[in-house]
Amino acid sequence: QKEVEQDPGPLSVPEGAIVSLNCTYSNSAFQYFMWYRQYSRKGPELLMYTYSSGNKEDGRFTAQVDKSSKYISLFIRDSQPSDSATYLCAMWPYSSASKIIFGSGTRLSIRP
Amino acid sequence: DGGITQSPKYLFRKEGQNVTLSCEQNLNHDAMYWYRQDPGQGLRLIYYSQIVNDFQKGDIAEGYSVSREKKESFPLTVTSAQKNPTAFYLCASSPGTSTSYEQYFGPGTRLTVT
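Protein chains in written order, with my numbering: chain Y, 1 to 112; chain C, 1 to 114.
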């Protein structure tokens with residue numbers, strides 16, 4: 001079993017829809033939960049991170065962490081064609097000796 | 001304009017040749033990382049460096065080598081011992097390893113070995 005599981009998609013939704021992207025994990029030591037966006041043939045860019053449980057909002061993006069269920073989500077409101085990309089979740093146990101574990105990414109397409 | 005640069009964007013090599021991928025950052029970050037990305041897989045850590053003149057192996061270090069002689073630079077050499085070198089290589093940096101959650105990535109180098 002992988003430490004981090006992410007549905008690869010592709011996910012296709014119409015412009016303006018609310019998008020929900022999810023990851024599950026097995027390692028209860030994870031403390032930081034990140035979402036990266038990667039456009040085709042580009043490097044990933046950090047969208048947002050959350051420490052421990054709870055919600056975090058940044059504009060149209062909301063990240064949620066449920067540590068009891070080992071489940072994290074990224075919601076995108078009022079989705080735009082420019083949101084079309086691959087979204088990678090990532091997790092880190094907050095130890096300088098440990099590495100970030102990335103999900104395999106979900107391909108998202110927003111139809112105009 | 002701060003950031004991470006990787007060159008070249010595309011690289012083609014014949015099997016049996018070593019090749020070096022460049023990574024430079026002007027963010028004044030202490031930590032730097034090299035990842036490999038294959039289709040349908042997450043990023044896999046090759047090597048990382050917490051400080052100048054120090055680096056550690058990641059999950060898939062076999063067939064790769066690195067150096068960290070300057071804070072700004074962390075080149076990766078893909079040697080002929082790497083069995084399947086064709087991939088998308090990403091370099092990243094973070095302020096330090098205590099802030100590993102905040103990694104900034106370069107644009108990547110796509111290496112094709114035939």
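The set of hints was computed from the structure by calculation and includes no laboratory data. Every residue gets a Cβ at the ideal spot worked out from N, C-alpha and C, and that includes glycine. Don't take every hint at face value.
[Stated by the list, open to error] List time: in silico DSSO-like cross-link candidates among lysine-lysine, alpha-carbon distance up to 30 Å:
id : chain 1 : residue 1 : chain 2 : residue 2
1  : Y       : LYS42     : C       : LYS71
2  : Y       : LYS2      : Y       : LYS99
3  : Y       : LYS70     : C       : LYS70
4  : C       : LYS83     : Y       : LYS42
5  : Y       : LYS99     : C       : LYS9
6  : Y       : LYS70     : C       : LYS9
7  : Y       : LYS67     : Y       : LYS56
8  : C       : LYS57     : Y       : LYS42
9  : Y       : LYS2      : C       : LYS83
10 : Y       : LYS56     : C       : LYS14
11 : Y       : LYS56     : C       : LYS83
[Unchecked claim] Facing chain C, from chain Y, some residues (calculated, C-beta under 7 Å):
id : residue
12 : GLY43
13 : MET48
14 : TYR49
Evaluation of the provided hints:
1. Y:LYS42 x C:LYS71: OK: LYS42 (chain Y) and LYS71 (chain C) at ~24 Å, within 30 Å.
2. Y:LYS2 x Y:LYS99: Satisfied, since the Cα-Cα distance of roughly 15 Å is no more than 30 Å.
3. Y:LYS70 x C:LYS70: violated, 40 Å
4. C:LYS83 x Y:LYS42: holds, 25 Å
5. Y:LYS99 x C:LYS9: It holds: about 26 Å lies between the C-alpha atoms, which stays within 30 Å.
6. Y:LYS70 x C:LYS9: violated, 37 Å
7. Y:LYS67 x Y:LYS56: holds, 14 Å
8. C:LYS57 x Y:LYS42: Judged against 30 Å, a Cα distance of about 25 Å means the pair holds.
9. Y:LYS2 x C:LYS83: holds, 23 Å
10. Y:LYS56 x C:LYS14: violated, 48 Å
11. Y:LYS56 x C:LYS83: Given that 30 Å is the threshold and the Cα spacing comes to 42 Å, the pair is violated.
12. GLY43: At 4 Å from the nearest chain C Cβ, GLY43 (chain Y) passes the 7 Å test, so the hint holds.
13. MET48: At 10 Å from the nearest chain C Cβ, MET48 (chain Y) fails the 7 Å test, so the hint is violated.
14. TYR49: Constraint on TYR49 (chain Y) satisfied, holds at 5 Å.
Hints 3, 6, 10, 11, 13 from the earlier list are contradicted by this structure; the remaining hints agree with it.
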